[in-house]
Amino acid sequence: MDLIVNRVSVYYGDKVGIKDACVEAKKEEIIGFIGADGAGKSSLMFAIAGVKRFKGEIIYENYAYHSPKEAEKIKDKLGFMPQGIGLVLYPDLTVDEHLDFFSDIRELKRDEEYWRYRQRLLKMAGLAEFTDRLAKNLSGGMKQKLSLICTLIHRPKLLLLDEPTTGVDPISRQELWEILDENRKKEKSISLVSTAYMSEASKMDRLYLFDDQEIIASGTEKELIDMARDYTYEETECEEGCITFNKRTYSLRPLNAKKAEPTLESLFFVNALKKNKIPPPIQIEPREQKIEIPPIVMEARGLTKRFGDFVADDHIDMVLRRREIVGLLGANGAGKTTFIKMLLGLYPIDEGELYLLGKKISSPEDRQELKSKIGYMSQLFALYKDLTIYENLVYFAKMHGLGMEKALHRIEKLSKGLGFDKYINEFPKDVPLGIKQRFSLAAAILHEPVVLFLDEPTSGVDTVARAQFWKLLHQLKEKWDISILITTHYMSEAEYCDRVVVLKRGRKIADDTPQNLLKRFPNAKSFEEVFLELYKESE
Amino acid sequence: MRIFGTVFFKELLIFLRSIGLVAVVLYSFTIDVYIAGEGIEVKPKNVSVGYVDYSNSILPQKILSHLHPPEFKKPKPFTSQKELSQAIFNKEILVGLVFESDFEKSLLTDGKTKLNILLDSTAAAQSYITLYYLQNIVMRFVPQKEGFELKTHKLFNQNADTHMFISFSEFISVLTLIGVILSAAVFVKEKEEGTWDIMLLMPVDSKIIILAKAFSQVFIIICASILSMGYVVLTIFNTPFNGSFLDFFMLTLLYSLTLAGIGLFIASVSKDIMQVAQISILIMMPLIFLSGAWTPIYSMHPLLQKLSLLSPLRYYIEGSESVVFRGTATVDLLQYYIPLAIIGTALFIFGFKKIGRLF
Amino acid sequence: MKIGVIKAYMLKEFKDLIRSRMIFLVYIMPTLILVMFGYGIKLEVKHSRLIILDHDKSELSYTLINRFEHSKYFNTKVLDITENEALRMIKAAKADIILIIPQSFEKRIFHKDKTEIGAFIDGAFPLRAMTMQSYVQGVVYSMIRDLMERYHIRIKKIEINYRNLFNQSLRDENAIVPGLIGLVLLVAPAILAALLIVKEKEKGTIFNFYSSPVKKSDFLIAKLTPVFLLHSVNIFILLLWALYLFKVPFRGEFWIYWLTSEIYILISLSIGLLVSIVTNRQIVAVILTVIITVIPGFLYSGILMPISSMSKEAYIEAHLFPVMYYNHIIYDTFLIGQGFEAQKNLLYLLILIFYAALLFIIGSALLKKELK
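Chains as they are written, first to last, in the working numbering: chain A, 1 to 539; chain B, 1001 to 1359; chain C, 2001 to 2372.
Just chain A, with the same shape it has in the complex (with noise of 0.2 Å):
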């Protein structure tokens, strides 16, 4: 074994980062950290890259070492990327400049090797155009590239990267993989990443499990999965000590039902039972306030952007119906937040028109009566953190004008139906970010809206609250006939949509429900597949 984690822990005062962490890798591995937010892998992640004290012992190619201090000796070696979108990138340096700089860091010798390298690693990460580019102008998926070749740059022998994929789009994605790849074979090296999505298990050789700081499991991807064989059914109605969740019933308990094909998902679902912490059933109840909704909640034509020369939505035709729920995709930088901001009013539009609720909105007192049809959850679940989550929701009650009693009375029934009643007197951080993402979207839907803008809502939330959040908002479609916009990057979400819109560069190239565009590729394995087919079909 050319690394080997010897009963690792990590604190952060009295908290534990991680716990008796064991991780063994050979030369030309990659291997993957798997695991929710919080789970422990970045602290990991940061006792392997010599940047925070620990407890226990690290064997690099024979050296070992037990502190920050030690493990100097390794750091020429090492290629570390921590988390968080352009983290380690300089706002005001251009692209190149930060290759110089990584370079000189380093003491990089500028032979041809080194520009021929230099250039291919540009060319891989689609950067090569950009060179001149300062990196706070650069899309979250080319920061993240950036970030990538610059801590590729010296050929690291070991490389840790921490959630090298969150946020960025699939063929940012898949770009990455490449230049991953590539690197292990060339330079021999140890590859360790964390990543939040599943479907990403199948590139590493082999896999660590991350839950509770803990490490609950490892092996390849085929053997994880095989220990979830045995409690993955078919979906069933189920009564206790189960979880239902994509076609699938996973239960402790032999069930009376067919066995199904596990997934690598499967197995937190099944090591949430384990634990016992089957997530409470979600209950929404119907609407206090009746109705009349059209039958088309929302119709964009030609609806156009333009940031000075560039046009981030370029003529953008859409309709939201009733009882709809619609995902909108696309590559980082396409144009999706942009298009949502329209939509909410909280961009000026550039050029065509918006009907909301049959109304044709064309100024901003327009907007104002119906802004209490519309509820918007954004990406960074926005809440104001000195408030408990009570007083949270209390203030968005009132500020939608709904009396005191009555407020009152649907923040509890939220709270109990979205099952986060017994935290409901903490601050925001102090509560998992399942949880936040759910409050948060109590606080969208308490006043009842038509439609729902949710832009990005399951970015790092781990798989089982994800599964939550998509059987609340099927719950909240049947239940209040909502209409639902809602963008991801997790492309295995976009199956949960009854129609998906992609677009590109501003464009939209695609409006279909998903099943029909599974069809039209019918050699696409995944629908991240048939993304990158749209996009390749597009070009």
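Because the hints were derived from the structure by calculation, they are not lab data.
Every clue listed holds true.
With a straight-line cut-off of 27 Å between C-alpha atoms, the simulated DSS-like cross-links for lysine-lysine are:
1. Lys-2372(C) x Lys-19(A)
2. Lys-157(A) x Lys-2368(C)
3. Lys-360(A) x Lys-1207(B)
4. Lys-73(A) x Lys-19(A)
5. Lys-429(A) x Lys-277(A)
6. Lys-2015(C) x Lys-123(A)
7. Lys-274(A) x Lys-15(A)
8. Lys-73(A) x Lys-2216(C)
9. Lys-2002(C) x Lys-77(A)
10. Lys-1191(B) x Lys-2201(C)
11. Lys-341(A) x Lys-1353(B)
12. Lys-2199(C) x Lys-136(A)
Ranges of calculated distance between the beta carbons of each label pair, as one might list FRET restraints:
13. Ala-1346(B) x Trp-177(A): 55 to 61 Å
14. Ile-2237(C) x Leu-1304(B): 19 to 25 Å
15. Ile-1283(B) x Ile-2018(C): 23 to 29 Å
16. Phe-1245(B) x Ile-2362(C): 48 to 54 Å
17. Phe-307(A) x Val-2294(C): 40 to 46 Å
No residue lacks a Cβ here, since even glycine has one placed at the ideal position from N, Cα and C.
The hints should help you fit chains B and C onto chain A, whose structure is shown.
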């Protein structure tokens, strides 16, 4: 109105929950104001005096006996003028007195004599006033023209006590800076934390939100001001409050509104708290400079005097000091009320419009 | 030490400073502070608004009024109003001083009868009040004295023959501007140094240092040299302002000013370094630096109060902060010019070097290449 209350109380709650912010505000308005008043002394105090007496007579000792604490340290004898000069060069002595050998004799025979004084005037403030003290002391030794006297009264503050004055000045500086930063931060914080968009999407008139947010900060500032004035300046330093408290309160309220207006403007052009701090300082410096806090307005260049008419701080300082120290009647305060109200309203509307454009 | 690494880091630092426009702050702030405070803190009070109530209307009272009218310190008005009305003018801040010349003032003076002139001074600004009081006394007493001489009345008097060392004209600028340089050069480099490191911590780019083989010493040199070089230019800029804008004399040797200031900047940098170790956010770093530099910078600089006049505790505290030592040397080079002939200056320079070394060593020892 209910919405106004909701936002208003939400902002108060958020303020109270931000322990760091509360600590900074409390510290600035109490301890900082106290330290400034207690620690900074502009009057001569403990002035170190050295002397050389070549005359060996009684008169020098008589004069020296008048240099006593707290203004002066006990005079220190030196044997030669050279030694004394060296001590002044080394900043051990601030004032040196040299009594020539015929010092007393001349006075008796010729009726006049000379006293040589060496002053370290790098500390100009102290030197200035020390010199004037010495003149006064020496003057007492001279039988004045029988009967004539110049009686000076320093109105409102006979002893020229600087403690309360400086603590009051510090209070005004703190009020100015914190006032602007708080009312800018209450908006910029929403930008930083990403709640800005959510705020915009509330089915509520944006004017009410802006007003409620701004007034919540004005309220905090007023509370802090009352605490600071009432407790630190008035109680600890025992400052006499010569005017009506209501006038002071009203002036502070008007001034806080002005500050909120500036804060709104800063919030409309800043992305984060760091920028708020930078821009605040850039805007506040000229305001303070032109306010008459440092240089009396009548001593300024005529052009600057005109410009100072635009500084709201000018009216607040003159007005509030008139109320607190001079006990000026309300009628005579109109000259501050009116311009402060005009500038305050103008700035508030300007800031309101600026930030309103972002809604 | 790896020159290549240091060069790369420094190059990045300079580009960042220029592109993020921080460079303006580096050069505008110090100048702004010097100019504003240099002009702003005036102890001399000109044109104070004097109101004379002349109840005598004699030749003598006219002479006195005349003297006031010819003084640059007063803006004199003779009004025929009651004392109460005059008092109200002070209350309304329309006048600063009221001088009341009593009835039969002249007659009484010549008959050696008891008489007095009353001066009422607005004491709301105590320091200003004292200054104005001394002006009024000066004018009145000098007139009385001249009067005596004119009538050959021999009186005993002690003449004060004073010499203002170092600052003959008693100019405020001479007294304040050098001290301000001491304040600015303490605050500005410290803030910039702290920001350059804390910024990387806040954004996350500090990982590039943590996870690379770059040595701690190289990192420090690379981070602090740009600040040092940039602020070294400020040493000259501030000197030019002092000499040409404020016309402060320069009696010492230039190289002493230069050398001492460079060492002083090193101290300031090290303070910034220490701040950057304990903070993770830029705004906190700025506030903390301001608190620990501005207060001692002002209090113990000698601008507000001569060190020799301080009470025991303050006197000791003043000696604990580097400001005092720097200011001593700086005032010497501007106003006195003894240079290192005075042993005290040399000793103080050594103390400054000691401070620079000590703070820098502590700072670099505490800086860790790891997350807290």
